[in-house]
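Trainee: Chain by chain, the residues:
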Amino acid sequence: MKKSKVLMIIGSLLILGLFAFPLWNITLEAPQYPIPLGMDIHINKFSDTHEFDIKNINLMNHYVGMQYIPETIPEFKIFPIVIGFMAALGIIFGFIGKYKLYLVWFILISLLGIAGMYDFYLWEYDYGHNLDPNAIMIFKNPDGSVMGFQPPLFGSKDILNFTAHSYPRTGAYFMFVGILLTFIAFFVGKKEAKKK
Amino acid sequence: MKRIFKSIFLLAITSSLVVSCGGAEKGKKGAISGNAAEKVYIAPGEHDSHYAFISGGFSGQLAVYGLPSGRLFRVIPVFSQDPEKGYGYSEETKPMLMTSHGLIPWGDSHHPDISQTAGSVDGRWVFINENNTPRIARISLETFETEEIIEIPNSAGNHSSSFVTENTEYVVAGTRFAVPFPQKDMPISEMKGNFKGALTFLSVDKEEGHMDIAFQLRMPGFNYDLSHPGRGKSHGWFFFSTYNTEESNTLMEVNASQNDKDFIAAINWKKIEEYVANGGGTKVPANYAHNTWNDDEHTAKTVMEDEVLVIEPSEVPGAIFFLPTAKSPHGCDVDPTGEYIIGNGKLAAQMTIHSFTKMLKAIEDKAFDGDAYGIPIIKFDAVNYGTLEQPGLGPLHTEFDTRGNGYTTFFISSEVVKWNIKDLKIIDRHPVYYSVGHLMIPGGNSQTPDDKYLVAMNKITKDRYLPTGPEVCQSAQLFDISGEKMELLLDFPTIGEPHYAAGIAADKIAANSVKIFRLEDNKHPYAVQNEAETKVVRKGKEVHIYMSMIRSHFSPDNIEGVKVGDKVYFHVTNLEQDYDVPHGISMIGAQTSELLIMPGRTTTFTWEPKQVGVWPFYCTDFCSALHQEMQGYIRVSPASSNIEISYTLDGDVPGEEEEL
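Just so you know, the sequences run in chain order A and B.
FYI, the numbering used here numbers position 19 of the first sequence as 36, with every residue one higher than the one before it.
FYI, the numbering used here numbers position 256 of the second sequence as 879, with every residue one higher than the one before it.
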């Protein structure tokens, strides 16, 4: 089998790692939490880093009027289908073996990825800004507007007594490596085609 | 200029050294050498290397300290009510204090001993005895809570307790005050020959730790003072010291101190165990409480037991012997190898060291010197390894290091003496302040003492601390025993009377310490899993409140329809599942204690309102930034009122919110 085909198929298979490993993680550090509170985001669920972390994040956040982290969100139904479909499509493209299809797949998944991140941002924004007007404590920005508590999309940020960290997890690395392999598959495939 | 400063500085240091050394030589107050502070200093946030479980004596409790810092971490309520924790006041914990005499609110705790596996302390449970109303308690070292208390029938002054065998097969209880067995109405003066001393062996379940009285030996009516198990080669035997072999019943300070020698009773429990397994012994009616705590139901229950298996020494020939031991021995201690049995003859000028090997040979050779009530007395020379002459005055208790040395407390001469067992030579002596009772080396009652530290527990403190009126603090002292000479490191105050202690390396316990109780495992009949389940139910004159607490409110927090003359049960569940977030609750006018409720636990207290009005309750443990707001109201109407029970949180009935 041609090298590009192998790369394409392996790359597509790797994104299935998202079914086994969390995609993203948000961790909250505070003086009273020597063991930080954390939440893993999978493509189909939220889960505690340590048992009961989400319950305790909710308890902390209710003081400033933030909503509870929902049990489930509609994305958890869509994401697994999209990822499953893309993996299958990538494998089919790999067997077809046309390098231009690899690029099509790469562009498609990149667009989906950007859409996913944007969706995540929107959720985070809402989570951090859609506050209960009867909140126990309301903090104001220097300009008088109500302070939001949106966690960072990527990176670390101080929010009141907490430091919030938002970083990709194992599942995301599987996806990145997989996508990178399909991108390489495109160039390798192109080279192989030229040789013919 | 700089130089001058430097030399002045050096001079200052040097002179301070000279001064402190001078103090050390004088012995008394400044006996702490330069680096002692460093040896006991645990930096903020750092942990101690050892746990010390020090009996609270007449407080009835067990206190947990860190070594080497001597810091007090927790007082575990065991035999006495503790209003701070609701122990003995809450409906769930009251059964723990039940006895055949009813609920006993106070106890006299004495000798903690940690469970063992293969001759080493394993950190699963600590056992402790109550002297006054004879009982033995088992405390979990996962929750640091009392899990079981069993009353010892036919016994009085449960003192030679609660020591465990090297695989925790048994924990023992022994009678210090001989009594009629079974109890009966008879003249005190007819004590001699008619009173008995029960020695009780309690089996311990390997998995759960549950205790049961396996058998009781009906021994002669002496006072059985202390005991220790054989270990290694002597595993299978237990040794009890006795005094008042005179069997006197009055002015005992004189009359119980007439015999030049009393006995150590050597008991081959393996042999008796075999006898019992083959159907030996007689089941005798008895009446004693057996209280067990259930961590799923968060509740204790009392079962009154009605019989006990009694064995007369004469039924099992060759299982029980008396070893003559110098005058009124207190501690009866076995070295880590199991070879030496040491009688700390508290009224003698020497210590008696018996040899286990010699004892076996003497039994084989029948080297006896008569008998006492049919129990053979082994000839002193046939069992004695030697005596430690003039070691000090009033020896009480010996523990051991792994290098063949014993460390003995001397009450009258107020010192700890280090001596070599084999050579019977004194190596070092150090004064203690004052009148030391027992001492503790972590793992001391095992084959593997962890011999870096020694804690001496003193009976008298006098001028060692700032005065606090006629009653001054109780105190223990920490020594470093890793070197040839013992080094005094620290004085630290204790709760109650620091009577006796057991210690263990921290890493054998710390990792297993429970952080929360899982709410979903809570099987308490009045538990709630969430706020929607909270409610108030009237049952005649009883009102049951199924209440929840979570940062930072109760549910429900407004209750009406309670009447004067009702008995209100607050069944309160802490819905938290986070480490170190207990909530408390108290109610104005409740004739009981507050409750301090750990995450995931349900606890109940009662309130019998006597006055009409609107009465508040509130959280007593500073739980969060909104702790001050964690409160509620109950409206109490006259007995004749026909107001129905109603209850709300934020204007809604809990659980009905969604339907609206």
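Watch out, some of these pointers could steer you wrong.
Straight-line C-alpha distance at most 27 Å; calculated DSSO-like pairs for lysine-lysine [what the hints assert, rightly or not]:
{"hint": "1", "chain 1": "B", "residue 1": "1002", "chain 2": "B", "residue 2": "989"}
{"hint": "2", "chain 1": "B", "residue 1": "829", "chain 2": "B", "residue 2": "1146"}
{"hint": "3", "chain 1": "B", "residue 1": "1138", "chain 2": "A", "residue 2": "72"}
{"hint": "4", "chain 1": "A", "residue 1": "72", "chain 2": "B", "residue 2": "1002"}
Since the hints were made in silico from the structure, they are not lab data.
Just so we're clear, the structure is a prediction, and the values are computed from it rather than from any experiment.
Trainee: What hints, given by number in increasing order, does this structure fail?
Mentor: 4
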